[in-house]
Amino acid sequence: MESVTTPASDAGTAAGSRSRLRSILISQEFILLMIILIAVIFISIRNPRFLTANNLLTQAQLMIEVGLMALPMTYIIITGGIDLSVSSIFGLSAIVLGFVWYDLGDQGATFPLELAIPIGLLVGALCGFINGAFIVRLGVPPLIMTLATLALYRGVALGVSQARSARGFPEWFFQIGTGDTFGIPNQLFIFIIAAIIFGIVLARTVFGRWIYAVGNNETGARFSGIPVGRVKLIIYTLSGLMAGLAAWIFTSRISTTRSDMGTGLELDVIAAVVLGGTSIFGGSGSILGTVLGLILIQVLKNGLSLAGMRGDATIVVIGIILILAVLVNSLVDRYVRNR
Amino acid sequence: MTAVTQATPRSAVRSNRLSGLISQELVLIFAIIALAVVTQISNPRFLTGNNPRDVLNNASYIAIAAIGMSMVIISGNIDISVGSLIGVLVTLSGTIAKASEGSSIPVDVWIVAAYIAPPIFGALIGLFIGTLVAYLRIPAIVVTLGMLSILKGGLIIVTGGAWIYNLPPQFNLAQQRILEVPIPVWVMVIGTILAFIGLRYTSFGRAIYAVGGNREAARLSGINDRRVILLVFVMNGFIVGIMSALFATQFNAIQSTVPPGIELQIITASVVGGVSILGGIGTVFGSTLAAIFVQMIQSSMQFLRISDYWIQAVQGLLILMTVLADLYRRRRTMRRG
Numbered sequence: 000m001e002s003v004t005t006p007a008s009d010a011g012t013a014a015g016s017r018s019r020l021r022s023i024l025i026s027q028e029f030i031l032l033m034i035i036l037i038a039v040i041f042i043s044i045r046n047p048r049f050l051t052a053n054n055l056l057t058q059a060q061l062m063i064e065v066g067l068m069a070l071p072m073t074y075i076i077i078t079g080g081i082d083l084s085v086s087s088i089f090g091l092s093a094i095v096l097g098f099v100w101y102d103l104g105d106q107g108a109t110f111p112l113e114l115a116i117p118i119g120l121l122v123g124a125l126c127g128f129i130n131g132a133f134i135v136r137l138g139v140p141p142l143i144m145t146l147a148t149l150a151l152y153r154g155v156a157l158g159v160s161q162a163r164s165a166r167g168f169p170e171w172f173f174q175i176g177t178g179d180t181f182g183i184p185n186q187l188f189i190f191i192i193a194a195i196i197f198g199i200v201l202a203r204t205v206f207g208r209w210i211y212a213v214g215n216n217e218t219g220a221r222f223s224g225i226p227v228g229r230v231k232l233i234i235y236t237l238s239g240l241m242a243g244l245a246a247w248i249f250t251s252r253i254s255t256t257r258s259d260m261g262t263g264l265e266l267d268v269i270a271a272v273v274l275g276g277t278s279i280f281g282g283s284g285s286i287l288g289t290v291l292g293l294i295l296i297q298v299l300k301n302g303l304s305l306a307g308m309r310g311d312a313t314i315v316v317i318g319i320i321l322i323l324a325v326l327v328n329s330l331v332d333r334y335v336r337n338r
Numbered sequence: 000m001t002a003v004t005q006a007t008p009r010s011a012v013r014s015n016r017l018s019g020l021i022s023q024e025l026v027l028i029f030a031i032i033a034l035a036v037v038t039q040i041s042n043p044r045f046l047t048g049n050n051p052r053d054v055l056n057n058a059s060y061i062a063i064a065a066i067g068m069s070m071v072i073i074s075g076n077i078d079i080s081v082g083s084l085i086g087v088l089v090t091l092s093g094t095i096a097k098a099s100e101g102s103s104i105p106v107d108v109w110i111v112a113a114y115i116a117p118p119i120f121g122a123l124i125g126l127f128i129g130t131l132v133a134y135l136r137i138p139a140i141v142v143t144l145g146m147l148s149i150l151k152g153g154l155i156i157v158t159g160g161a162w163i164y165n166l167p168p169q170f171n172l173a174q175q176r177i178l179e180v181p182i183p184v185w186v187m188v189i190g191t192i193l194a195f196i197g198l199r200y201t202s203f204g205r206a207i208y209a210v211g212g213n214r215e216a217a218r219l220s221g222i223n224d225r226r227v228i229l230l231v232f233v234m235n236g237f238i239v240g241i242m243s244a245l246f247a248t249q250f251n252a253i254q255s256t257v258p259p260g261i262e263l264q265i266i267t268a269s270v271v272g273g274v275s276i277l278g279g280i281g282t283v284f285g286s287t288l289a290a291i292f293v294q295m296i297q298s299s300m301q302f303l304r305i306s307d308y309w310i311q312a313v314q315g316l317l318i319l320m321t322v323l324a325d326l327y328r329r330r331r332t333m334r335r336g
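Line order of the protein sequences matches chains A and B. Each residue of the first sequence is one higher than the last, beginning at 0 in numbering that gives the first Met the number 0. Each residue of the second sequence is one higher than the last, beginning at 0 in numbering that gives the first Met the number 0.
Hints in this document: simulated from the structure, not taken from any laboratory. Remember, predicted model here, so these are calculated numbers, not experimental data. All C-beta atoms in this analysis are idealised placements derived from N, C-alpha and C, irrespective of residue type, glycine included. Keep in mind that the hints are not guaranteed to be accurate.
Stated by the list, open to error - On the chain A side, residues computed to face chain B include the following (Cβ under 10 Å):
1) Ile81
2) Leu83
3) Ser87
4) Leu137
5) Gly138
6) Leu142
7) Leu146
8) Val159
9) Thr262
10) Leu266
11) Ile269
12) Met308
13) Gly318
14) Arg333
From just these sequences and the hints, can you work out the full model?
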């Protein structure tokens, strides 16, 4: 329960501020920030193309879809759960968006795309709600429930699309995925706003405290009157909704939908969250950490590809960094606790 | 829990026996029979010819790997890197077999090496994962998520995902049959029986359940919990190696990439087979039956002429229903005490 009680009592004293400084220095967020800085310096010395506005904005654009799904995933992992089905919800939402528009129209005239988009988002939220309802009402472990729906939702996407792809969207549809405002990609605004909201809700609201409490001690949380079931239902639904949003942006960015879209993306999402210092056992973690985890992964991917390495080399490096980051964190943690 | 303490010893024993009978294994056997009957009625060719053998043969690869996975999950851990490991080991096996071309060493020596190398290399990878999990205390899901990337990326860097063609004709372990039964099916059956006996009747097997059920209690009762977890990962790597040697010899060509989604199929087999993701509960009979059940669903769909595109959705739905049946049964037996 440490992270639930705030260390406000000794904040004023000199010893308090020193220990606070120390806790900042050993936090996963700080370690990540240092690794990112070292990587950025190293890459920009070797390749001047890296630190250009153009390159950085393109890179930001590429990480938005995974980023949007990583925000609610942080909540879910903090409660001690997991959602493996996000990539399938992502695929299904994109397919629904594409084929409601493509197939439901009368004889040549297409169904209004303005309506197909919210239907896609709604289906995403519904998928997440189904996950949450089974997990809460029937007590299915999250790993098992979302493993089953990983297969189920992808299967429905395949069935609905019959392995066809929808394309030929109108021009305005590409605004969200490829357009920019004041030179900054549109989806970056969406992500920044979403990250700030998710961050504030987690760190500064009662709902955020509930999330930590559920992850630290679910029985204790229940006995202290926290609506554990409702908290879980909300965050799994949110996970589905954000996967739907990511699917909309992705469809707009690559201008087509296919049922195998986003296969395996759940591991990228979870990697970013875990790299960001959220404990896989629940109870601790932060949105800032997740955002830093996302940035680190993208910086490494970009740096390695600028250095002429193939995309496959970058996933090796990400794997090593993931293990090392958690290892260093747990070693530092043990060292501090022993002192 | 009060029901347990209040029940008289005799009725407790009886209901224990009852809950043992209505196990997930029995649910699966019932499901397999029901599915076979329904499919057979609507398409009488389902249980004829080569189909039953093909279903078992296709299920055997997942079932063999699920033996190792079940042990890992029973010990309270998970391994999501097996798919990547299979890709690496299959390629390793094929590359060794291919090296026999133009070599002065007899082909048979190369072939034997191609069969032995995957289990050994798999066990070494398991040793590495197990060390990180057991001794450096990094959660298994994090370690194996990292290993998934490392092995997958490493494989594609080295091979570029190329095919290995024209393998020597002797490199055909999975295509051979003994008494008309394919070798992979034999390995599945014998492996399941051996693992079942090992888990239930050896002290090491009991230790795996103990560590998965309550690690602290196991440690306090004198079990070397770290060594148990280390050995479980080593054995898992070894078993995945055996599966890979078979997987490599299915056809006369190998694509040196990671078979997509195979780790989820393996975990699904364990979980649908009644292995609790929380650790401490489950049998390898369950996971083998589940692998056969999942394969049979796919075959039935084809015989029932359900569109290929809907097969995966139906499969997902049936998996979900089986899991719910397991959950319902477990809760009912718990309430009965």
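Outcome of the hint check:
1. With 10 Å as the threshold, the beta carbon of isoleucine 81 of chain A comes within range of chain B, its nearest partner Cβ sitting at about 8 Å, so the hint holds.
2. Interface hint status for leucine 83 of chain A: upheld, as the beta-carbon distance to the closest one in chain B is roughly 8 Å, under 10 Å.
3. The interface hint given for serine 87 of chain A holds, since its Cβ lies 9 Å from the closest Cβ of chain B, which is under the 10 Å cut-off.
4. Look at leucine 137 of chain A: its Cβ gets to within about 6 Å of chain B, closer than 10 Å, so that hint holds up.
5. For glycine 138 of chain A, the interface hint holds, the least distance from its beta-carbon to any beta-carbon of chain B being 7 Å, beneath 10 Å.
6. Below 10 Å, beta-carbon pairs count as interface contacts, and leucine 142 of chain A has one with chain B at about 5 Å; its hint therefore holds.
7. The restraint placing leucine 146 of chain A at the interface with chain B holds, with a minimum CB-CB distance near 6 Å, inside the 10 Å limit.
8. A cut of 10 Å between beta carbons decides the hint on valine 159 of chain A: the least distance to chain B is about 8 Å, and the hint holds.
9. For threonine 262 of chain A, the suggested interface contact is upheld, since its CB lies about 7 Å from the closest CB of chain B, less than 10 Å.
10. Taken as an interface hint, leucine 266 of chain A checks out: its beta carbon lies about 6 Å from the nearest beta carbon of chain B, inside 10 Å.
11. Given the 10 Å rule on beta carbons, the hint for isoleucine 269 of chain A holds: about 7 Å separates it from the nearest Cβ of chain B.
12. The closest approach between the C-beta of methionine 308 of chain A and any C-beta of chain B is roughly 9 Å, which is under the 10 Å cut-off, so the hint is satisfied.
13. The beta carbon of glycine 318 of chain A is positioned within 10 Å of a beta carbon in chain B (closest approach about 3 Å), and the interface hint is therefore held.
14. For arginine 333 of chain A, the shortest C-beta to C-beta distance to chain B is roughly 8 Å, which falls under 10 Å, so the interface hint holds.
Going down the numbered hints, you'll see the structure goes against none, and every one checks out.
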